[in-house]
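Going line by line, the protein sequences match chains A and B.
Counting the first sequence from 1 gives a position; our numbering is that position plus 506.
Counting the second sequence from 1 gives a position; our numbering is that position plus 24.
Hints in this document: simulated from the structure, not taken from any laboratory.
Note that beta-carbon positions come from the ideal geometry of N, C-alpha and C, so glycine has one too.
Here are some chain B residues pointing at chain A (derived, C-beta under 7 Å):
no.	residue
1	L95
2	A97
3	Q118
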Amino acid sequence: MTAHTLDPLVPPAANLAAVRHLTPVPDPKPPPKLAEREEAKPRITELERWATVLRIDCVRMLAVAKSGHLDSSLSAADIVTALYYRVLRHDPEKPSWPARDRFVLCKGHAAPIQYAALAQHGYFPLEDLMGLRQIGAQLQGHPDMRRTPGVEVSTGSLGQGLSMCVGIALALRLDGLDETAQVFGVLSDGDCQEGQTWEAATAAIHFGVPNITAVVDYNHLQTDGTTEEVMDIGDVRAKFEAFGWDAVAIDGHDMGQVVEALERSRTLRKPAAIVAETKKGKGVSAMEGRFGFHGKPPPPELAAEALEELMATLDEQTKGLAGADGGDS
Amino acid sequence: MAPEAKTDPIATRHGYGDALADLGERHEEVVALDADLAVSTQAIKFGKRFPERFFNVGAAEANMMSMACGLAASGKVPYCSTFAIFAAGRAYDQVRLGIAHNELKVRIGASHGGVSLGEDGASHQMIEDVALMRALPRMTVVIPADYNQAYRATAESYERDEPMYMRFGRPATPIVYEEIPESLGTGVDVLREGKDITLIATGHMVWRAIEAAESLETEDGVEAEVVNVSIVKPLHSETILESLSKTGVAVTAEEHRVVGGLADAVRQVAAEQHPVPIFAVGMGDEFGVSGTGEACMEHFGLTARGIADRAREALVLKPIVSRPPLFGPEWT
Chain A
507 MTAHTLDPLV PPAANLAAVR HLTPVPDPKP PPKLAEREEA KPRITELERW
557 ATVLRIDCVR MLAVAKSGHL DSSLSAADIV TALYYRVLRH DPEKPSWPAR
607 DRFVLCKGHA APIQYAALAQ HGYFPLEDLM GLRQIGAQLQ GHPDMRRTPG
657 VEVSTGSLGQ GLSMCVGIAL ALRLDGLDET AQVFGVLSDG DCQEGQTWEA
707 ATAAIHFGVP NITAVVDYNH LQTDGTTEEV MDIGDVRAKF EAFGWDAVAI
757 DGHDMGQVVE ALERSRTLRK PAAIVAETKK GKGVSAMEGR FGFHGKPPPP
807 ELAAEALEEL MATLDEQTKG LAGADGGDS
Chain B
25 MAPEAKTDPI ATRHGYGDAL ADLGERHEEV VALDADLAVS TQAIKFGKRF
75 PERFFNVGAA EANMMSMACG LAASGKVPYC STFAIFAAGR AYDQVRLGIA
125 HNELKVRIGA SHGGVSLGED GASHQMIEDV ALMRALPRMT VVIPADYNQA
175 YRATAESYER DEPMYMRFGR PATPIVYEEI PESLGTGVDV LREGKDITLI
225 ATGHMVWRAI EAAESLETED GVEAEVVNVS IVKPLHSETI LESLSKTGVA
275 VTAEEHRVVG GLADAVRQVA AEQHPVPIFA VGMGDEFGVS GTGEACMEHF
325 GLTARGIADR AREALVLKPI VSRPPLFGPE WT
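Please take these sequences and the hints and turn them into a complete structure.
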């Protein structure tokens, strides 16, 4: 594949034509609506396939934007897919429905993965994904509640997200909705380096907030190196447990484990931490678990390679689904 | 219920606390947060009446501001109380992204602003909060002059939608407004008319500016106009420009750094639309010190005498020929 560039002097539509293979296309197997999901939960293999769909969108967005955090988005892909396609009670047709579950991307730099999930669910047109980080577009570098439908609260400054989750959970309690609506925050290892996260962890227990799930996307890589080299945060699960939370550690790329942990967390009636061991750049062999990609867009060759690999994965998963009867939900 | 106006000296933070508790009575969505200073900030009055809507987060101001963001994003109207030093300083980033950027209806009740908190000294004396909050896009900055205006500012804050930083003080200060005003209006009130010089003051410096005007009249025969700026941002420039065009010279007075505070706000308006000499009373390039509140104010010249002396210096530079101001768009 050849490198594609967006020419600022060419109208957006023509630009998109020039990067057709980078343009997101509607998924032939669209996300189930809320009622359908409540009737029959999507199967694990279906979710795995959708995670690939979102990963492909992320690569496309970043290749066009030439800016952003691809590897951080890919590490969170399975968690975000499990949430939007199965666990979250959300409805794009009534995004302000008071009893909806809340999703807060505490690690706001992974915005592309949330944008992909929102677009695939119809919160805004898929084409809008191509506007990521561009002037005049609604998709900002980090989630912006005032610009992007489906974003509950703006994030991007690490450490603030879990506190926002506590505030949202308390508001739900005051409105008598804490029995039904769960607040899911997705944190990074950087979030766990920020002291404020632990202020929030303390407050969640102190205020007896029953409906918070904090998922830590523990991918062990940050801007300057591995978390172990830069600032080792150690056993994050044990830390949350010591703060009084229910805390489990899982493989963040094992969709079955991710779904089970998320669904279990909402039955607990106490703050729940899920420390998900993940790999940065998951799904793209050239990036997986490798240092040096944080905050850098994929160069055209890498984007092309990544797309090829992910497309192949998607084909395989789609064939697998066609051949299977299901029953692993 | 009709609020009761105070007549004896009392701290502005009491006006905040009383009005906040009354707001809680009228509006169910009002919630209050505090960071282990509820008695000092007077948020305790709300806390006692509405314990289920009161969240004391302990010494964790950053957490408090981000929690307020979450609460406001979910339809509540949070009032966050702590000392100005922690509200604007320690939690700046949380206020910036979670509250100002999101244009959320969060009210920050920042007590113990300035050096008049006294004994605790420089670590607690916040003298740059107005500069920080003025610089924040979309943030309204309110500094009431006395208890009665503080009560109104707090009550009225519920009616407005934009994020708001409200600065209150520790010491009991004399009453400037005999009644609880019906409104803050434009946030710029002419309290005393005069033709020779304009004294533009905010917060604790307003009653001192009135005293300064009285001494200028008796000692020098100078008729000073006194203007109270209770909404520092967005600054309603019209009244200020009208006064400047009448007097041709001004002194600003604030318990804050002269950089980024009221002095800069007024000078910004004047420089473009009606340049006249404007002298400033405020904190220079220095931190506060320990002492009683009043001793600290005297130490830094934040007194009626300080204002009057500055006015005498400014009058020397007063232009002989004046010209009308060029009215333009309001500065924010």
